[in-house]
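**Student:** Using the sequences and the hints given, assemble the complete structure.
With the numbering used here, the residue at position 124 of the sequence shown is 124, and numbering never jumps.
When the alpha-carbon atoms are kept at most 25 Å apart in a straight line, the in silico DMTMM-like pairs for lysine to aspartate or glutamate are as follows:
{"id": "1", "residue 1": "K187", "residue 2": "E16"}
{"id": "2", "residue 1": "K187", "residue 2": "D176"}
{"id": "3", "residue 1": "K187", "residue 2": "E40"}
{"id": "4", "residue 1": "K187", "residue 2": "E135"}
{"id": "5", "residue 1": "K187", "residue 2": "E134"}
Derived from the structure by calculation, the hints contain no laboratory data. All of these numbers come straight from a predicted model, not from anything done at the bench.
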Amino acid sequence: AGRARAAASAAAAGPEIVSCAGWGARAASESVVVLSNRPERIIVHHTATLNVTDYSQQRAFALARAIQTYHMDAQGWIDTGQHFTVSRGAYVMEGRHDSLAELRTGRRQVRAAHCVGQNNVSIGIENEGTYMTEEPPAAQFAKLADLCAYICDQYGLPASEIYGHRDFNSTSCPGDRLYAQLPTLRKQVAARLGTSLTEPASDPFQHLIDEAAAHALSPYPEYVPERLLLR
Numbered sequence: 001a002g003r004a005r006a007a008a009s010a011a012a013a014g015p016e017i018v019s020c021a022g023w024g025a026r027a028a029s030e031s032v033v034v035l036s037n038r039p040e041r042i043i044v045h046h047t048a049t050l051n052v053t054d055y056s057q058q059r060a061f062a063l064a065r066a067i068q069t070y071h072m073d074a075q076g077w078i079d080t081g082q083h084f085t086v087s088r089g090a091y092v093m094e095g096r097h098d099s100l101a102e103l104r105t106g107r108r109q110v111r112a113a114h115c116v117g118q119n120n121v122s123i124g125i126e127n128e129g130t131y132m133t134e135e136p137p138a139a140q141f142a143k144l145a146d147l148c149a150y151i152c153d154q155y156g157l158p159a160s161e162i163y164g165h166r167d168f169n170s171t172s173c174p175g176d177r178l179y180a181q182l183p184t185l186r187k188q189v190a191a192r193l194g195t196s197l198t199e200p201a202s203d204p205f206q207h208l209i210d211e212a213a214a215h216a217l218s219p220y221p222e223y224v225p226e227r228l229l230l231r
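**Tutor:** Structure, rendered in structure tokens:
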């Protein structure tokens, strides 16, 4: 019981999250939309960028700026698409403006642009790297679990409500290896929350997947050109 309480206390404290101001974000091109509802789930992504061995804070901040540049200038979005980003060096950064402030209150969420059909009801987390054949670094995965536990605690979500992008859209994201780790992620999050876990059913939203597959979707811009990281 004491261990469960300690885990829950750690989840409530949450990991250190660098704000948009902290990593040098541009201003959004227009005001982000703050929705009145809480999110219903968490959706995990990978950035489909190189699996670099530069785990520095400098690299992490450059990644956050590159993603924002790509999403705003190439995709024409108002800001970064996802709510949060976890670098390979295990730095957690706010993505879309106001995501962190709303998470801290635990009452509302920011409308995002990370998963077709889910942007009003989910929190999107990008993980730096490409995880089709490689697993994320242990520190990155642990920090992802810390972040998910904090989000679940703040918004009253069970650990079972953690999914991969491919559960909702026609995409390989978050990569075969990271997707295969989602059951482990849910277990680790449940342990941090001090709660039991019931695994979600396979393809719990198959009707949404079928609907999305029936329409032509613009390519999801997970890939961030490495040249942007050099700016």
